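Enquirer: Construct all of the structure, not just a fragment, from the sequences and the given hints.
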Amino acid sequence: MIKNAGSVLVKNLSLETKFSMPDEKEEGSLICAPLMVKKEGGHGEVTGIIEVRAPAAEAFREDDLKLLVVLANLLVISLENIKLYQRTQELSIRDGLTHLYLHRYFQEHLEEEMKRTTFYKLKISLLMCDLDFFKKCNDSFGHVFGDTVLRDVSEILSTSVREIDFVARYGGDEFVIILPETSYEGSKTVAERIRKTVEDHVFRTDSHEMHVTISIGIASYSGDGLITKDELIAKADAALLQAKNTGRNRVC
1 MIKNAGSVLV KNLSLETKFS MPDEKEEGSL ICAPLMVKKE GGHGEVTGII EVRAPAAEAF
61 REDDLKLLVV LANLLVISLE NIKLYQRTQE LSIRDGLTHL YLHRYFQEHL EEEMKRTTFY
121 KLKISLLMCD LDFFKKCNDS FGHVFGDTVL RDVSEILSTS VREIDFVARY GGDEFVIILP
181 ETSYEGSKTV AERIRKTVED HVFRTDSHEM HVTISIGIAS YSGDGLITKD ELIAKADAAL
241 LQAKNTGRNR VC
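Those letters in the sequence shown? Residues 1 to 252, per UniProt numbering, in order.
The set of hints was computed from the structure by calculation and includes no laboratory data. Nothing here was measured: the structure is a model prediction, and the numbers come from that model.
Okay, derived cross-link-like pairs now, DSS-like style, lysine-lysine, Cα gap no bigger than 30 Å in a straight line: (1) Lys-188 / Lys-136; (2) Lys-235 / Lys-136; (3) Lys-196 / Lys-244.
Expert: And the structure:
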């Protein structure tokens, strides 16, 4: 057996018991190389292993092991580039303050969900949420406190829905939630839970604390093809306006 910086060449497995199950005699040969990712400080972390086996003994040479190490290093670079690309893509569709999806991506996602809902004749609901008197909160306590409120509300929204649901920052202190395969009745239950959680939450920084309320408008679509994405948004917006005009801190 030959070892080199974590890579291994075993010319005859039958002579190396550590590569066999108990009471079994493995035949053949193998080469393996670690997938080593560089971390801060120059330390390496093994995230995986590439292993190649052959049924015959003496099938691999040291040159084969060196080639596998090169391939492993190239694979690590490719995987890290994929992760970097995914992070870049995520940053392009996420709001920097709340980490929720951005308005633009919400529009794209709702379009796709509407198509899926129509094709499979499902139900879908949209919640349009707006914080009550948020401008007064900003004016009274400053934007630092206002940002804390927005972050906390975003966390409440995200943890109040399922993994398949979609939460986005619509703009300012407005948020939208897409609830796939959810009827009006089901979405009203979700909306009321969110409203109550926000109402009960104490928003605080080192210097201030207060309660904030939220108004929510609901629009639902039954998959019959009789409503467009923009019309669904308009219905949710109209329902939100009704909630605002009838006392706030309510679901309509």
